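Undergrad: Here is how the chains run, residue by residue.
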Amino acid sequence: MKIYLSFTIAASKMFFRRKSSIFWSLFFPVVTMLVLGNAGFIGYSAPDVGLYNNSGPGEANKISDFKSSKSITIREYLSLDEALIALEKGTLSAVITLDTNSEIKVTTREGDIAEKEVVENFVFRMMNQEINSVSNVKSDIAEMNYQGYKGFIVPGIAAMAIMQNGIFSVVFTLLSYKNQGVLKRLKAAPISPSHFIVGHLISRVSIIVLQTFILLLMGVFVLNVSIGQGSILAWINILFLSFLGGILFLAIGLAISSLAPNEDSAPALANLVTFPMLFLSGVFFPIDFLPKIISYISNLLPLTHLAQGIRLSALYGNSPLMTMPQIAITFAWLALSFFICAISFKWE
Amino acid sequence: MEMIKVKNLKKNYDDFEAVRGINFNVDEGEVFGLLGPNGAGKTTTVEILEGLIEPTEGNASIGDYDVVKNSKIVKKMIGVQLQSVNFFEKLSLYEIVELFATLYSSSTDPDSILERVDLKKKRDSYFKTLSGGQKQRLSIAVALVNNPRVLFFDEPTTGLDPQARRNLWDLIKSFQKEGKTIVLTTHYMEEAEELCDRVAIIDEGKIIKIDSPSNLIDELTKTGFKTQKKIKDATLEDVFISLTGKSLRED
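Protein chains in written order, with our numbering: chain V, 1 to 348; chain R, 1 to 251.
Keep in mind that the hints are not guaranteed to be accurate.
With a Cα cut of at most 20 Å, we get these calculated PhoX-like pairs of lysine-lysine [said to hold, decoys possible]:
1. V:2 with R:173
2. R:135 with V:178
3. V:89 with V:116
4. V:178 with R:128
5. R:209 with R:230
6. V:292 with V:89
7. V:178 with V:150
8. V:178 with V:13
9. R:69 with R:10
10. R:246 with R:135
11. V:13 with R:173
12. R:222 with V:2
13. R:128 with V:19
14. V:62 with V:105
15. R:121 with R:135
16. R:121 with R:90
17. V:19 with V:67
18. R:90 with V:178
19. R:173 with R:72
20. V:2 with V:19
21. R:128 with V:13
22. V:138 with V:105
23. R:90 with V:19
24. R:128 with R:90
25. R:5 with R:206
26. R:5 with R:229
27. R:135 with R:173
Hints listed in this document are in silico derivations from the structure and should not be mistaken for laboratory results. Every value quoted in this text rests on a predicted model; they were computed, and no experiment measured them.
If we strip away everything but chain V, and leave its shape as in the complex, we get:
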C-alpha cells in the first residue's frame, strides 16, 4: 500500500514539474475552449427546422409542400415535446407547428432573431402570403435553457482533454521511462513493476478529474456558461464520468503501447486513434452535422458517449441515472480495453 502511495506521489510531483505536461493538459485545452467559446465562429445555427402537425390528416398537402422545399431541410416530428428538445439541444433552429384552426406557429429560441426571420419568411412564402398582411402565422419564443455554442464547446473540450491526457500520458511518459531504463532499475527492486504502473495510473486519473473540474470552472467564470443547472448530482456525475473516462483512455493508451510494433510507432498510432475522434465525436460540433453514414461510426466511438454524457449533465443537469446509456457504453469500452491490455501487455 505504501509503495503504491509513494509511486502515486512521485508521479504527481513529476507531472506538475514538467512544463510540457501542464501545457498540454491545462493551458492548451483552456485556450482552445476560450477562443472557440468566445468567437463561436463555427456559426452554430442548425440548418434544420422541425415540423409538428397538430391539425390532423387534412393538412397533408401543406406538409408535403413544406417538405419539398429546397432551401430549408424540414424534419417532421410526431410529438411537440420531442421537437422542442431538439430545439433546446441545437439540432433544430426552429419548430413550425400546424395548429387545428389552420394557424401556423413558428417557435424559435430567445435571441435567435436571424433564425426567426428566415423561418418566418419561408413560411409566408410557402403560404403565398404577404409578410406584413394580417395572417394566421404566429411567432413564439420558446423558454428554454439554450447556451449557444459556448455551452456546447465547454463540455466538449473537457471530454477531449480527458482523452488526450489519458492516452498521451501513457504513450509518451511510460514509454520514455521504459526506453531510459528506469523501469529496468525498478525491476531489480523486490517489488512487482505493476506497483509502479498502478501508482502512475492513480496519479493520472486524479489529475484528469482535477483538469475536468478546472476546465468547467473556466467555462463558468470566464465564458458564463451555466454548468450542472444547480444540480449537485450533475456535477458528481461529470466528475464520475471524467474518472471513468480517465481510466478508459489510460487503458487505451496502455493497449496502444502494447500493440505498437516498436517504440517509435506508438505515438503515431496514438495520433491515428485520437485524431478522428476529435472530429467525429461531437467535441467541436454536433454529430448531427455529419453525413448519416459517418454518424453511425461516431456512435461507436468512446469519446462520443463520454462527451455526450458530460454535456447532458453540464447543460441539462442530468443525474448519473439519466446518463446510464453513456456510462454503460463507457464501461463496455473499458472492458474491451482491459481485455486487449491483458492479452498483449509486456513489461519489457
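Starting from the known structure of chain V, arrange chain R on it as the hints suggest.
TA: For chain R alone, coordinates are given in the frame of chain V:
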C-alpha cells in the same frame, strides 16, 4: 563461506548464445571481477544474478537462495548498479533515494546515504542536471538503501574522467572494508588489478580463466612473455592526476 554460486549457466537469445555454460563461486567479502571485451556476456551473467533475466539453463544462488525461485529474497539482499544508469528526471536526489528506500521497505535516512557518496550538496537537484560521475554515484547510493550484503557494479567507471574514476575506486574499496561481497564487471584491466581479489576472464560467453590478477600475470611471465612496453615507474595517468589534482571536478 561461498556467497555466490554459479553452475553451468546458459542464456540464449533466439539463435544467439550469449552465455554458454559458466561456472564460478564468489566468497563472502571478496571482490570478484568479470573481465571481457564488449559482448562477451558479462552483463548477461550479472543480470541473471540480479534477477532481471532468467537463464535458459543452469542455476545460480546468492546466500544459498536460488536467484530464480527466490528472486524476491535475493533482490532484498543485494544492491544493484546497472550499466545504463537512469532515474526519474524530475525528482530530486533526495526524493529518488527516499522512493527506493520505500521499495526496499528500508528506513534508512536518504541524507546519510547521499553523504556517503558525496552528493549531500546536490540533494535537491534533479537527476538530469547531474554529471556522468555524479549519476554513477547516485546509482551507487540507490544500491545502498537496503544495506546489502552483496553489491553488483556493472561497468561503473565507463566514460568517467580519471578523477571521478579514482573517486569511485575509493568508494568501492570502502565497501570491501565493510566486508561486503562485490561483483564488478569492467573492460579496464588496471581497474580489475586495483580492486579485484580474483577475476574471471570471459570471452564469447565462456570463462577462459579464473584467478587472482597477480597469479595470472605470473603465469604469463613464466612462459617467457615480456611486455613490449617499457615499464616506467609511473603511468601517464599518474602524471595527469599529479598535474590536475585528485579532487572531483563536477561539483
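Undergrad: Indicate, hint by hint, whether the structure satisfies it.
TA: Hint by hint, here is what the structure shows:
Distance hint between residue 2 (chain V) and residue 173 (chain R) is unfulfilled; the C-alpha atoms sit about 35 Å from each other, more than 20 Å. A threshold of 20 Å between alpha carbons decides the hint, and for residue 135 (chain R) with residue 178 (chain V) the separation of about 18 Å falls inside it, so the pair holds. Annotation: proposed proximity of residue 89 (chain V) to residue 116 (chain V) holds, straight-line Cα distance about 17 Å (limit 20 Å). Distance check on the hinted pair: residue 178 (chain V) and residue 128 (chain R) sit about 16 Å apart at the alpha-carbon level, within 20 Å; holds.
Annotation: proposed proximity of residue 209 (chain R) to residue 230 (chain R) is violated, straight-line Cα distance about 26 Å (limit 20 Å). With a C-alpha separation of about 18 Å, the suggested pair residue 292 (chain V) and residue 89 (chain V) falls inside the 20 Å cut-off, and the hint holds. The suggested pairing of residue 178 (chain V) with residue 150 (chain V) is violated, with an alpha-carbon distance near 41 Å, which exceeds 20 Å. For the suggested pair residue 178 (chain V) and residue 13 (chain V), the alpha carbons sit about 19 Å apart, so the restraint of at most 20 Å is met.
Under the criterion of a C-alpha separation no larger than 20 Å, the hint pairing residue 69 (chain R) with residue 10 (chain R) is consistent with the structure, at around 17 Å. The straight-line distance between the Cα atoms of residue 246 (chain R) and residue 135 (chain R) is roughly 19 Å, inside the 20 Å bound, and the hint therefore holds. At most 20 Å may separate the alpha-carbon atoms for a hinted pair to count; residue 13 (chain V) and residue 173 (chain R) exceed this at roughly 36 Å. At roughly 60 Å between alpha-carbon atoms, residue 222 (chain R) and residue 2 (chain V) are farther apart than 20 Å, so this suggested pair is violated.
About 15 Å separates the Cα atoms of residue 128 (chain R) and residue 19 (chain V), which keeps this hinted pair within 20 Å; it holds. Pair hint residue 62 (chain V) plus residue 105 (chain V) holds up; C-alpha atoms about 14 Å apart against a cutoff of 20 Å. Taking the CA atoms of residue 121 (chain R) and residue 135 (chain R), the gap is near 14 Å; set against the 20 Å cutoff, the hint holds. For the proposed pair residue 121 (chain R) and residue 90 (chain R), the alpha carbon gap of about 17 Å is at most 20 Å, so the pair holds.
As the CA atoms of residue 19 (chain V) and residue 67 (chain V) are separated by approximately 55 Å, the hinted pair breaks the 20 Å bound. For the given pair, residue 90 (chain R) sits about 15 Å from residue 178 (chain V) by alpha-carbon distance, which is consistent with the 20 Å threshold. Restraint check for residue 173 (chain R) and residue 72 (chain R): the C-alpha separation of about 28 Å exceeds 20 Å, so the hint is violated. Distance check on the hinted pair: residue 2 (chain V) and residue 19 (chain V) sit about 28 Å apart at the alpha-carbon level, beyond 20 Å; violated.
Straight-line distance between C-alpha atoms of residue 128 (chain R) and residue 13 (chain V) comes to about 15 Å, which keeps the hinted pair within the 20 Å bound. A distance of roughly 5 Å separates the Cα atoms of residue 138 (chain V) and residue 105 (chain V); the hinted pair therefore holds under the 20 Å criterion. Between the alpha carbons of residue 90 (chain R) and residue 19 (chain V) the distance comes to roughly 11 Å, so the proposed pair stays at or under 20 Å and holds. Restraint check: the Cα-Cα separation between residue 128 (chain R) and residue 90 (chain R) comes to about 7 Å, which is no more than 20 Å; the hinted pair holds.
In summary, the hint linking residue 5 (chain R) to residue 206 (chain R) is supported, as the alpha carbons are separated by about 16 Å, within the 20 Å threshold. Under the criterion of a C-alpha separation no larger than 20 Å, the hint pairing residue 5 (chain R) with residue 229 (chain R) is inconsistent with the structure, at around 38 Å. Of the pairs offered as hints, the one joining residue 135 (chain R) and residue 173 (chain R) holds, with about 19 Å between alpha carbons and a cut-off of 20 Å not exceeded.
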